[in-house]
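Place chain L on chain E using the hints.
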Amino acid sequence: MELHTTDRDGARILSLHGALDVAATGHLWTPLLRAARDARGRPLVLDLAAVTACDSAGATLLIEAERVHRGDTTTEAAAPHVAAILARLRAVAEPPPPGPPPPPLTWRETILAGLRQGSDGVVFLGEVSVAALRAPRRAKMFRLPDLLRTADQAGVQSIPLVLLLGVLIGLILAFQSLIPMRQFGADIYVASLVSIGLVRELGPLLAAVILSGRSGSAFAAEIGTMKVNQELDALTVMGIDPVTMLVLPRLAAALLVMPVMTILLDLAGLLGMSLVLVGAGLPLAAIAHQVEAWVDPGSLYGGLFKAAIFGAAIALIGCRAGLSTGVGPRAVGLSATRAVVGGIVVSIVLDGVFALMFYKLGI
Amino acid sequence: MTTPDIVQVDHVAQRFAGRLIYENVSFTVAPGEIFVILGGSGCGKSTLMRQMIGLLPPTAGTVAVLGRNMYGGATDTTDHIGVMFQSGALFGSMTLLENVMLPLEMHTDLPASARAAIARAKLGLVGLADSTTLMPAEISGGMAKRAAIARALALDPPLLFLDEPSAGLDPVTSAGLDRLILDLRHDLGATFIVVTHELPSILAIADRCVMLDRAAAGLIAEGNPRTLRDSSDIPLVRAFFHRDLPTHQAA
Chain E
1 MELHTTDRDG ARILSLHGAL DVAATGHLWT PLLRAARDAR GRPLVLDLAA
51 VTACDSAGAT LLIEAERVHR GDTTTEAAAP HVAAILARLR AVAEPPPPGP
101 PPPPLTWRET ILAGLRQGSD GVVFLGEVSV AALRAPRRAK MFRLPDLLRT
151 ADQAGVQSIP LVLLLGVLIG LILAFQSLIP MRQFGADIYV ASLVSIGLVR
201 ELGPLLAAVI LSGRSGSAFA AEIGTMKVNQ ELDALTVMGI DPVTMLVLPR
251 LAAALLVMPV MTILLDLAGL LGMSLVLVGA GLPLAAIAHQ VEAWVDPGSL
301 YGGLFKAAIF GAAIALIGCR AGLSTGVGPR AVGLSATRAV VGGIVVSIVL
351 DGVFALMFYK LGI
Chain L
1001 MTTPDIVQVD HVAQRFAGRL IYENVSFTVA PGEIFVILGG SGCGKSTLMR
1051 QMIGLLPPTA GTVAVLGRNM YGGATDTTDH IGVMFQSGAL FGSMTLLENV
1101 MLPLEMHTDL PASARAAIAR AKLGLVGLAD STTLMPAEIS GGMAKRAAIA
1151 RALALDPPLL FLDEPSAGLD PVTSAGLDRL ILDLRHDLGA TFIVVTHELP
1201 SILAIADRCV MLDRAAAGLI AEGNPRTLRD SSDIPLVRAF FHRDLPTHQA
1251 A
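Protein chains in written order, with the working numbering: chain E, 1 to 363; chain L, 1001 to 1251.
The shape of chain E in the complex, shown without the other chains (with noise of 0.2 Å):
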């Protein structure tokens, strides 16, 4: 495809010369544009005699270019194929300019769509638990078959992963703290240090983050996807409480593994630990003696208290995600995400409010 530029009688000729296809539209598309719009102010030619084909991509760069010329533009010898798709691709109305973007969120509006968020969360808080009030009455919508796959699905499968990270961290706890410790001969405090770490803050945040990123999602996600496949719909119109059929038996699930969870992923931090030590010099006998020292019931009641109300609130949030799925599938995976970093936030947050709630109740 060639573009040849003449001038004739005051007005400038652009002919074009070969088949101009999709191809050949890439080509042109710069130059015919600059020459067209090089020519603003006089009359523009687009000679067409050579023209064996075209496209709608070429009808279209023919178009831009009397566009972008601005001025009288005449197209000169097209064929009569080349004229009808040139008519065709006129007829199409041009599309309505894109609007104005919307103003970026005030700081009003960011606080009021936070605290709508806020209230609808308090709004399905209190639809779980009058579902909860109402489950006896409603005992066939609560499957336990449901409770029993979630469990295995959210527990039961994680525990290899549990294990495994229970196991790590408690090598790289004791590891990095048996460095500095040593400088000072408090090798042993490391069984202390870490055993206290483990059961009060690390035990249940990392069951959490484990129940978020592998079961939080999913249930997202399957709610989600219940919803775009109007599922739900179905379920509603069939007089069956979504809540009561599909989040209560996640939630019951979720707060029956969770503290199961965190004291596997205690004793697993706990063995990573002493393998550190041991291999350091420290006698077993020692270390278990100093975990039973420090350890205290209240710490792992607190510790698995705070692990069954992580999974509690990392099933609410995980099923309102995909309660509130949108419409199509990028709204399923959104509403994953949101349950995997929802779960996790709220998790941390729950975990200072009760850091200072242990704190002031002498825990």
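Don't read these hints as lab results, they were simulated from the structure.
Residues from chain E that face chain L, not an exhaustive set, calculated with beta carbons under 8 Å:
(1) 140
(2) 141
(3) 229
(4) 230
(5) 231
(6) 233
(7) 234
(8) 236
(9) 238
(10) 239
(11) 240
Rough simulated footprint, nothing fancy, chain E against chain L, three-plus residues with beta-carbon under 8 Å:
(12) 1046-1055
(13) 1081-1088
(14) 1105-1114
Note that CB positions come from ideal geometry on N, CA and C, so glycine has one too.
Relative to the frame of chain E, chain L by itself:
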């Protein structure tokens, strides 16, 4: 003595974010009728159906089903209506048999063996007797729609809503579904409200229909579809039934 209408839609309107979808929509459906809501894409047919089954309160107007206002407080008509959604909406984690058994499990005290027998019979009615153990992901679109009809029939409701039963199906499967709807009406005496824009289906099954139009934002015709096809003087109705462009778009 006249039989009371099974559905009464009275001056119903719907707006989304201030945008008017339709208004002043009124019609009634008599028991035993196959009543079709038709219209072009985006005119609000499925929205109107959602209002009739209790999923979407109308912006204005009232919807009464089986003599009860759907949005007038504690109204529970769920065991009196059956709904087949456009996508089928079968529960993906359950077999076809379990899908059909679910409404029976929730709303009756039948033993499990009786529920299974009834569910098998319903699947047999729609020609899926040999597919009871299949999961929804393992069946074709036409089978999914038939299974969804079987689930809608589970409690023998007097009123069934079908949303686009023929959409996306080949002509033979679609004709089979039309036949099934006619047979079920004949055998069970149920009333059907069908949302569709499939012309052959409308002409094959409908006793009466209403036509919604997006530009008019409401109903533009009501009556027997064959009568509307042959003698309506409304350009949009004529264009719909004769698969033609309306006069103002044809030029």
